[in-house]
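Protein chains in written order, with the working numbering: chain A, 1 to 709; chain B, 710 to 1021.
A couple of the hints might just be wrong.
[Said to hold, decoys possible] Here are the simulated BS3-like cross-link-like pairs (lysine-lysine), alpha carbons at most 25 Å apart as the crow flies:
id : chain 1 : residue 1 : chain 2 : residue 2
1  : A       : LYS407    : A       : LYS461
2  : A       : LYS535    : A       : LYS589
3  : A       : LYS342    : A       : LYS272
4  : B       : LYS930    : A       : LYS316
5  : A       : LYS302    : B       : LYS930
6  : B       : LYS1020   : B       : LYS809
7  : A       : LYS674    : A       : LYS95
8  : A       : LYS316    : A       : LYS270
9  : A       : LYS604    : A       : LYS461
10 : B       : LYS1020   : B       : LYS849
11 : A       : LYS95     : A       : LYS472
12 : A       : LYS272    : A       : LYS302
13 : B       : LYS984    : A       : LYS302
14 : A       : LYS473    : A       : LYS462
15 : B       : LYS797    : B       : LYS1018
16 : B       : LYS984    : A       : LYS270
17 : B       : LYS930    : A       : LYS300
18 : B       : LYS984    : A       : LYS316
19 : A       : LYS703    : A       : LYS674
20 : B       : LYS809    : B       : LYS797
21 : A       : LYS342    : B       : LYS984
[Unchecked claim] Covered by chain B, according to a simulated footprint, are these stretches of chain A (three or more residues, beta-carbon under 8 Å):
id : stretch
22 : 160-172
23 : 292-304
Please keep in mind that the hints were generated in silico from the structure rather than gathered at the bench. C-beta atoms are modelled at their ideal positions from N, C-alpha and C, and glycine is treated no differently.
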Amino acid sequence: MKLMIFIHATVSSMRVRGLHACRDTAQAPDKSGLHFALGSFKMKLFNVAIMALLMTVAVSCREAHTSSSLGPRVVVVGFDGMDPRLCVRLMDEGKLPNLAKMRDAGGFKPLGTSIPPQSPVAWSNFITGANPGVHGIFDFVHRDPSRQCAPYYSAAETVEGDLGWEVEDFNVPLNFWPFNHQPTQTLLRREGTPFWDYLDEAGVNVHIYDIPANYPPSKSKHGHMCCLSGMGTPDLLGSLGGDSQFFGEGERSRTVAGGYIEPITFSGDKAKIRLLGPEHTFLQLPERVTIDVTVYRDIKQKSARLEWQGQTILLKEGEWSDWCRLDYELRMPPFMPASHAKGICRFYLQQVSDRFRLYVTPINIDPSDPAGQVISEPEDFITDISDALGLFYTTGFQEDHKALSNKIFADHEYHEQADYVLEERLTLFDYAKQTYDDGLLFFYFSSTDLQAHMFWWDSDKKHPIRSPEMAKKYHQVVEDLYQRMDGVVGQVLEEYGETATVLVMSDHGFSTFRRQFNLNTWLRQEGYILPADCKSILRVSGKGSVDWSRTTAYGLGLNGLYINLQGREKFGIVTRRKRDAMLEEIREKLLKVRDPEDGHLIVKEVYRTDEVYHGPMTGDAPDLIVGYYREYRASWSTSLGDISDVMVSDNTEAWSADHCMAADEVPGVVFSNKPILSAAPQLIDLAPTILQALQVSPPALMKGKIYLK
Amino acid sequence: MDTLGKILVDGALAAWWLYEAIIAVLMAGFSALNVVLDPVLSTVLRVLNPIANIAGDVVYGMVSVLSPAWGLVIISAITGVVMLFLFKYTSNQTAIVASKDAIKANLLALKLYKDELRVTFLSQWRLLLAIARLQWHMFKPVAIVIFPMLVGLSQMGIRYQWRALRSGEQAYVHMYLDEPLSHEVALEPVQGVSVEVPAMAGEQDYAWRIRATESGRFALKFLVDSEMIEKELVVGDKLERVSVERAGANWVTQLFHPIEPLLPSSSPVSRIEIKYPDRESWFYGSNYWVLTFFVISMLVALVLAPVFKVKF
Ligand SMILES: [Zn+2]
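Work out the full structure: start from the sequences and follow the hints.
Here's what the structure looks like:
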């Protein structure tokens, strides 16, 4: 574009000079000169005509771009986990003036969420305008019944590629004829058609930023859709949650959920650390590539110097670095050039004196050079953004809540890091608005979810790990965040309130997560899992293993309960005839389970998926979805099949709020600058409503109702 | 496939070995040449750089009313014209015309008498001679032009390759010494520049993290043991020349970093470097400016060569 402008400017100025030249010659007095003058007058006219034509074309193009052909506009701001109860309270207190303005004009309703109210499920409902029976995402974790109950991540799967050509210690894939080796690929498992496909087909522009449950990003068939993938996007190491690396003096080398903890040992004031990179899969014995970083410390002035690959940075204690580039070289046989994996990270020098501690963010895929990693559609969408904004988080989970859970971060450090994420996303949102003309603009904010998970506490009961004052102080962080987001909404209304349909929505609400329920412990206690000393449904041999020939039901994921069904599960024993009765029996029993601590009921709803799901994928779903009361959730251990001795216990994790409960315990919100007609809108209603607002008829498959005027 | 793999691996290893050997030979040749070249060129540049700096300031002062892009276009175009004239008056135009004519004549002869073997061989021999002669006549003006050209390019480089720090921006300063830890170093406070992280030693250097707080040209004052050494820092948002490095006598660094006086040879400091940001523009920014310059100056020379009756 810039090139075009430059060429245009040069051509115009050349033409102007051409005109001057003609005028000079035209002053020659003799006859031939007169003839020439007439000729040059014609030339002059010709030039003027061409210039006029060029200008008209240019102006009309510009006009066409800015006003006359502008189509309808819908701006959707998605706040993950924004809770209606808190919104209403803060609106009543006058703290959310912009959201309150929409409410007062009839544009607010709690939004019915998915069953279960987990983000991948809920966002898939939103994306497809359909229930999980259609899109096939039922939980964060699914199981493979052909391997009995082997768990896997629900939203994407990695398909191993061909081995390739064996040369020295390499397996070199030859992706050309006649070999046609297939590379290892990650595939999106979500079924159903995303609603933006209908917009793309109708020629409506679609700009989507950070939408969850869409990695790898779905393809645009007609070239009108661009999309940045969100939750579910891995880091450069291939980790979905993002694996940070922490180096501390006196640490023991270990892998934890969410990263790696390594010792750092100084000789004098110098040490070496090794930053892990991606797995080099072209090696016959795959290994992680690494980058060595030299660390110098100055205890007196509390600073450190880090050096790698010709780069140097200096940090003071307590400082975060800017984004830094890392170039992992993946060596190849000598006759081939090495390939490269490009990553970015930020260093956080937590402490120099006493005990040196250095935190490194997960190695994100470099947005300016993703080097073959597809994290946007089209692939250059992300590099264009990076040209304008520089480097930014590209992983699906950006707030490093695991560093807080692993006690690498203190509360205030997590808050600072999460706030940085928000700042970056706000800059991205500004970019999104600037580059948006018409059609759909969808922008997602994770802050309202991932700050709430760690800081939310609206219970009268004691916080398991914070004093009442600290619990209150940090819950205030969430309230402040809502106020800040209200400001964002205010800007959107100011910019688009008159010219677009504005929707502010969340996938679910929030609740304190105070007590955890081990579903598998309960199933064992009730005799559904045997033997009585079974410790895990994933343990198949030795002490504490499960006996599938006697086990009739098991729990997996945060809300799923499965019958060990004959003909479906590998070692299934329950016949289809007995299944119904067993489901009813379990449902009735679960609804009566009480917390031994105070006698409170734990389970509010038990949904039969053959009743609440409709669609071709229903057969893959759990048989029952367990919906908990507020303050209760499935225990950490039960979600991956572990059976603890205690059925109900305090949740002592830093992750102290959640939403994986009964759907009607944690509805989301929907606000609009237009009155909402429906009394009880649902997540699946949004897709047809958006299509309708963009003048595209929703397909008959979408069962949701249109609820805007 | 296994044999193919082995052949490819061995072939590649042999090619690498050859490549490295050639590089080593070239480097050794350059080093040997440099023993002779360095004292001469270093002295020449010591005289030439201050003049080039003044000329650069004057020229860029004149085009500073224009945008950086137009400044580059005009300077490239003028350079094209100057090169054309330099070529005209340093080359043997008659000899060039004669060689070109000889090439044409022999090509024609080859075409006309392609059946007569004797004439063909003779013409081929003469053609080779004519081409060699043309090359020789071209070599002289190129050899004369190349050095002033490099000096001119360096004046452009210090303006287009990097940009000055903006007020509020941070940068790293590196001071290279043989054994950093055996020297006491300090960066004196200057108004307009804050030192965020004081000197931290690495293997060969001390590094500082500084932040510019105002626009202007500043002299960073370093105390090395008891000796005071200055390094210029430029802060602003206009197209300004920046001196990335202050170094000792060495014609290559002198060529690329012409602005600041050479570090005394007695100093333990071998060079001081400021990591200025690259200038970002697809047209006149870092690295692109060289391309733009060559394309425009060549085009201008090609277009104007017939006008000024220059043959090449
Ligand atoms: Zn959540």
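Holds or violated: are the alpha carbons of LYS1020(B) and LYS849(B) at most 25 Å from each other?
holds, 14 Å
Would the pair LYS984(B) and LYS316(A) pass a check requiring their Cα atoms to be no farther apart than 25 Å?
holds, 19 Å
Measure nothing beyond the straight line between the CA atoms of LYS984(B) and LYS270(A); if it is 25 Å or shorter, mark the hint as holding.
Within the cut-off at roughly 24 Å; holds.
Assess, step by step, whether the Cα of LYS473(A) is no farther than 25 Å from the Cα of LYS462(A), and give holds or violated.
holds, 14 Å
Is the hinted pair LYS316(A) and LYS270(A) satisfied, with a Cα-Cα distance of at most 25 Å?
holds, 16 Å
Is the hinted pair LYS342(A) and LYS984(B) satisfied, with a Cα-Cα distance of at most 25 Å?
Since the Cα atoms of LYS342(A) and LYS984(B) sit roughly 22 Å apart, the hinted pair holds (cutoff 25 Å).
Take the stretch 160-172 of chain A, compare each residue's beta carbon with every beta carbon of chain B, and decide whether three or more fall closer than 8 Å.
holds (count 4)
Count residues of the stretch 292-304 of chain A with a Cβ under 8 Å from any Cβ of chain B, then say if the count reaches three.
With 6 residues close enough to chain B, the hint holds.
Please verify whether LYS302(A) and LYS930(B) have alpha carbons no more than 25 Å apart.
holds, 23 Å
Under the criterion that the straight-line Cα-Cα distance not exceed 25 Å, is the pair LYS342(A), LYS272(A) satisfied?
holds, 21 Å
Taking 25 Å as the top limit, are the C-alpha atoms of LYS930(B) and LYS300(A) close enough?
holds, 23 Å
Please work out if LYS809(B) and LYS797(B) have their alpha carbons no farther apart than 25 Å.
holds, 16 Å
Checked against the numbered hints listed earlier, the structure breaks none of them; every hint is satisfied.
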